[in-house]
Amino acid sequence: MSIKAKDLLSIDDISTEEIAVIMQNAKSMKQILQRDIKKVPTLRGKSVINLFYENSTRTRTSFELAGKYMGADVVNISAGTSSVKKGESMRDTARTIDHMSADVIIMRHHESGAHKILAESVNARVINAGDGKHEHPTQALLDAFTVLEHKETVEGLKIAIIGDILHSRVARSDVLIFNKLGADVWFCAPPTLMPSKASELGATITYSLEEALQDADIVITLRLQLERQDSGFFPSIREYTNFYGLNTKNIKWARPDCLILHPGPMNRGIEISYEAAELPNAVINEQVNNGVAIRMALLYIMGGGRSGDTV
Amino acid sequence: MILFKNARVIDPVTQTDQILDIRTENHSIIETGTDLEAQNSNTIVDLTGKILTTGFIDLHVHLREPGEEYKEDVESGSKAASSGGFTGLCPMPNTKPVCDNDTLAEMLVIKGQRVGLVDIYPVGAITKNQEGKELAEFGMMKRVGARALSDDGKDVTNTLVMRRALDYAKAFHMPIFAHCEDKYLAGSGAMNEGYYSSKLGLSGIPREAENIMIGRNIMLAGLTNGHMHISHLSTKNGLELIRQAKKDGIKVSCEVAPHHFMLTDSCIENYDTNYKVNPPLRTQEDVKALIMGLADGTVDAIATDHAPHDTEDKDTDFSNAAFGISGLETVVALTLDGLYHQGKISMMRFAELLSSGPRSVLGLAPQSIEPGQKADFTIIDPELIKVVDKNRFYSKGKNSPFHGMSLKGWPYMTVKDGKIVMKEGVILE
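Protein sequence lines correspond, in order, to chains L and V.
Per this note's numbering, residue 1 is the first one in the first sequence, and the count goes up by one each step.
Per this note's numbering, residue 1001 is the first one in the second sequence, and the count goes up by one each step.
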């Protein structure tokens, strides 16, 4: 009961069976989260480094708490306050951390593929907490976990991912995991926010929200980075919201039991209306809770939790 | 109810060329056939010797409203169009202010409906205020009836912005109408660069200024799979680029203005500013090639680039005069006289270039002469010979180089929504 690959940089690094194991473990972890005393000694004596080259509150906190709940020593390094700022190369930073005997390094970086350099430079296991526009595998795992809490299986579900696909690492990890699990994945965005060969990534492409939402079982709306307008990708927030914003009217095109997910933080009133985010089928807060459970499970599996251990 | 008798129906959609009677009721055709019986309430219109086609659409006009109503407005432009045989118009957005938003686009549609002579399909700006920087709200404009996008009057210089525009327009199934002109190469030119500009001492605009941007815009259409429509094509090389692109499966279409297949830069010899137009009148070689393209199907539409100006803008030296020709009221006669009667194109092709061709560029549903279809007709008298008289134009723009020219074949009647709105050139009030 482990993950074969040393590092989790992409959803492609794990098999369907391994995904099932992670899910199984996350279920147990979720129970720990519901306890009054949320602390187990499983990772006592292990060290986890949060190496963040890009600002993040949610993901970093989620990993930090996951490590702490499991009893590990967690250290946060943010690029702004470390020697990274003084011009140290990533490879040197990585080796330094490695020589401090870190067991797991969680990294977020603003450049796609940066994790490859880190992973090949360290003995510690590396978990990708987001690299540029490439992947965010733990988000995909928690998305799948959240879906599986509500649906018996992912197989055959229509999953519509809506928003800035071009810049989204969430979309690129989600399409991989949901395809592995047998779903029918759709990407919906204005054409300027769609990668040019998106259809070859395993999703059905549409520029029409109506088409994407039609009979959808799951809707994942992505955060719109507001600075994309200044970069000329779309004319205005008004137009974006009019044609790609999820609201209580257009969600009716989807199935009545359609779940609404959002990786957060939300721009309410832009990619999702205030009311839509509060619908009973919106599971956005559950995603946050599940995020901690998934990360606990991963740290457990990758941080040296021995096979057969119970938590 | 109106019963149109004995019309030669030319319908490019169904490829019909047949003498037929057509009965209309309210806005629609209810019956077609031979020897239809007159019923009590029928008005009978005998169209023996006349040609009836689906209503013409002009893809490229300047209505000057808002901002320059002294040159033209929706009402005068609609009248000019109806008199010229049109039932639909695409006004360009280079007004003051620029039509780069849904409020202005909707205003044009509503004003058009109020005048009631032609459908207005606004062309929205590609970029806000036509500055070539930020995309305008294509989707919001489409919602109120805009069908295409253009920064007409200039090209989008920034290639990335043009790429984004082509990409973004795909979401709303709108073509980009490109005014192809490298502004740096064109400089302050006033006419085609060649023998005549050399002789007359006027600054020239080389054909390459147009061709380079046609090439760029075609490549961007290939990259994005967006729909690129080349406005007012004037050069042989440009036509060849488009012909090749079409062969390659790129979504490109184009239009040609009547002055570009009727006139050459040699006309400018007496410095008559009515011949000043952009793109400029080219050479005999270009004219020959364009006519070939009009005949063989490379060209999708004839569009006027109707550019009305007041006297003041034209009554000056050639270099300082405004570009543009008032074209709505002469295009049908020029095409019939210059192409059809010369044996260059068939009557079917003529109808295609002015009705089904433009409709298809705009992505409008095909309209045919069949029961259930809208009763928007352009009726032609192909044999009528008449002299162009700019003083009888409904357009405020009297800037026509064709004034005084005798032409054979004229619009006879325009029927809009089942109502005869124009007869023998005169708008019926």
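Treat the hints with care, as some may be off.
Cut-off 30 Å, straight-line C-alpha distance, at most; resulting in silico cross-link-like pairs (DSS-like, lysine-lysine) [stated by the list, open to error]:
#, chain 1, residue 1, chain 2, residue 2
1, L, 197, V, 1408
2, V, 1236, L, 133
3, L, 197, L, 27
4, L, 133, V, 1314
5, V, 1170, L, 158
6, V, 1251, V, 1344
7, V, 1183, V, 1344
8, V, 1096, V, 1199
9, L, 133, V, 1128
10, V, 1408, V, 1236
11, V, 1096, V, 1183
12, V, 1288, L, 249
13, L, 197, V, 1128
14, V, 1247, L, 197
15, V, 1247, V, 1128
16, V, 1183, V, 1236
Since the hints were made in silico from the structure, they are not lab data.
### Query
Against which earlier hints does the structure fall short, listed by number upward?
1, 2, 3, 4, 7, 8, 12 and 15
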